[in-house]
Amino acid sequence: MSDDVQNKIFDIIAKEASLDRARITRDSTLKDLQIPSLDMVQIFFAIEDHFNINLPDQSADFDTESAGGLVDTVERLLAEKAEKEKAKA
Amino acid sequence: MRRIVITGMGCIAAIGHTATACWASMREGRSGIGPLVNIETELLNVRIGAEVRGYDPLAHFDEKRLALLDRVTQFALIAAREAVAQSGIAFAGNGLSGRTAVVIGTGVGGQNTLDDSYRRLYMHNNPRCHPLTIPRLMANAPASHITMEHGITGPSFAVASACSSANHAVAMALFMIRSGLADAAVAGGTEACITVGTMKGWEAMRVMATDTCRPFSRGRRGMVLGEGAGIFVLETLENAKARGAVILAELAGAGMSSDAGDIVAPCDLGTARAIEAALADAGLATDAVDYVNAHGTGTTINDPTETRAIRRVFGADADRLAVSSTKSMHGHGLGAAGAIELVGVVGALSQGIIPPTANFTDRDPDCDLDYVPNVAREQLVRAAISNSFAFGGLNAVLALKRAA
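Read top to bottom, the protein sequences are chains A and B. Heads up, the first sequence is in numbering that gives the first Met the number 0, so the first residue is 0 and it goes up one at a time. Heads up, the second sequence is in numbering that gives the first Met the number 0, so the first residue is 0 and it goes up one at a time.
Everything labelled a hint here was simulated from the structure, so no lab data went into it. The reader is advised that the hints may include incorrect statements.
[Claimed, not checked] Restricting the straight-line Cα-Cα distance to at most 35 Å, the calculated cross-link-like pairs of lysine-lysine (DSBU-like) are: (1) A:Lys80 to B:Lys63; (2) B:Lys63 to A:Lys30; (3) A:Lys7 to B:Lys63; (4) A:Lys14 to A:Lys80; (5) B:Lys63 to A:Lys14; (6) A:Lys30 to A:Lys87.
Nothing here was measured: the structure is a model prediction, and the numbers come from that model.
For reference, chain B alone in the conformation it holds in the complex (with noise of 0.2 Å):
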């Protein structure tokens, strides 16, 4: 069978504006949370999220081509170019560009171009809507943009599955390549979704923080919403090899599954399924998982349920895990969450250092594992796991190795 390795990596989120800088972030258990600052907050009651500040796009694209560019397809782009870099891949001259494949996880799309648009006609009652609308908002602008920046031709796509997107996306990657549909692949998430329509969405359903993101901690008050992307290089082990490449982990195996129950609650049950499937395609026996990168929302809801579907996958494996939730520091970023979370996975495998829990303050009796609270731990890590669990019960789970 095709071992498949990941030998690029590349991310923007509100903890950096580089995989380099939000791995740094995340060892410094630094949170980028904070006061909104790109949109109106007038209208919200919620008022802090996970933004990427401080981004000027016309650092990374000319005036004319911006023009074509939603927000999620910008940080898709950023975070595709410093992945390939990172990787030394070529895709042109050497046939790879047809056998390589692009598969984008993104919860919704062209958000900002969409809350725009109505703006100007339902608000201004202005009846003229931009022409590049459609081609901006359509949720597989991101994974099209970067084929034609990279020259890629092979079968590329958008998967949406909410909170999990970006984890199917690189399920269908892994199993696109073992398969021998593709030899490589440009796969990951990206979500732009701080815009006061969707905000005040979340709000509605009552789950959203007003101070800040405390995974698994006692007195956690919710998510906040965070944005980036997460993109990767995908490709068989052995091309790397040949090509001298810097193997920075092996993705190892992927497992997913379906509650079939509510709608938005998370079901321990479902999402134990997902985490068996990961670790049975890995060939991973329980005892052989050091750090599982959790889904950790900071929701009273889902803290307690994912602990108990990792005690029912672990067993007494389960006390000598380290478990943490990044999202305390770079939010929960939708369609990209899975995608950015990947970056500490691989930081953990490659650096042997666990990225903690930020904000984390006392123990919650329903949530009885070993957090890494606040502080990074020195660890080797020799395999992990990676939750994302989506609204509509769709769960989707990778599992990975230290590169040997």
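Only chain A is shown next, with the shape it has when bound in the complex (with noise of 0.2 Å):
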């Protein structure tokens, strides 16, 4: 399950900032990965698409600085979204 949400979000941050996957580690920085604003939102909204969950904005629970942090954020929101649909069932 892991190893699937991370490849997956490495492979939406490279091809949404065009970036060399191979450049991309769970240690490397959104910042270090020099990636403009406007590719950032982008990378949010692919991720909110494919997983069908929403990133918070801004929040200090969340890690949204580093590659690895974004991979812990939405596994624990696919986390918490999977609770709640137990509860509903």
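The task is to assemble the complex, starting from two chains supplied on their own in separate frames and drawing on the hints.
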């Protein structure tokens, strides 16, 4: 599961920011990768659209600065979503 | 007073993807009106249009850049490239960049982007909106992208006056250069309005033809929507001569007026005032003009009203004028209309061939001028005017002279 999420997020970052995917690691921050702001919002949009989740705009609880942080955030949101769906069922 | 000339033109429309191709179609009287192929027609009563067909955006823009460009901006960029290349003008390294204006008319702006985002939101209940929605749909996007692509840093903006947008934009550029505010301009109009939503809006006004567009002809049933862009490079006669540029025509003057009457019905008095103002600005007597590129939408009300306005201004000279509506071929491009039509005017002046009014069948007693029916005419054109009359009663007329 985790690898799948990470792979997909790295794919999205590489595609939207036209980056060599090999440059992206869990530790690389989006700032290190020199991703322009307009590409950033497109990355967030593509992630939300793919996983059907809503990334928070700004929150101390979520790390969206690094690629790894983004992966953890998405996994947390997916887990919360799964909980809610279970509770509903 | 500074004299302003056109040294480059670009166009994309239903009748061609370049100004050269569009002019060839106009000269041959070939219409680009046909069944709609680019949009779903299930909900439509009117299923014809003058669409840009066989167009592959990826042949002009890479995928990454395309994400930023609504169809309306793509058209403007393609036409601007052609115009700038033809003129041979260079903006960088000679101080011209900051002395060049970009003024682009559009009736609405990114209508395809808006339509797509609403479909996603309201129809598919998808609450996520694409983050490039706003920069794609804003009405100044075409002007902005032209400045970015060509490194033009002078005063630049969009002009919106529905069907007169392009003529108002070209008029603004003319006055900016004449006043010394700029030394050159990239100006014109663009529109990409053939969406299901826009078609339904026009249908509801009951001014759309279901057969074809036959301006000034008996049996005309209305307008046909078109799309595309026309973009021109304007500069001073002095600059053009100094750099040995080919001068396509002189943009001698422009006239503008508002009807201050009905929000949709045209008015012969208001439109006549714009024609008079254009002639006065260009210093043209009525007997010096040989050709009128008409607004000529093909609606029952526009065509006789425009005929009366022409008669009112030109008097006895009206009977020796050639008047044609090229909308019969490229459709009504709304905010791009005057710019696409300017290709026909420049062609008439530079080549001595007057583009015809296509699809003309019989004479209408209320439209009693020479409309150059169906077949182009070889005739020296010393000077010409081009009419645009918008919903909202905003009129803009350009006056051009043959290059000396």
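Structure-based check of all given hints:
1. A:Lys80 to B:Lys63: Holds, at about 32 Å.
2. B:Lys63 to A:Lys30: Holds - the C-alpha atoms of A:Lys30 and B:Lys63 are around 20 Å apart, at most 35 Å.
3. A:Lys7 to B:Lys63: holds (19 Å)
4. A:Lys14 to A:Lys80: OK: A:Lys14 and A:Lys80 at ~26 Å, within 35 Å.
5. B:Lys63 to A:Lys14: With Cα atoms ~9 Å apart, B:Lys63 and A:Lys14 stay inside 35 Å; holds.
6. A:Lys30 to A:Lys87: violated (39 Å)
When held up to the earlier numbered hints, the structure conflicts with hint 6 and nothing else.
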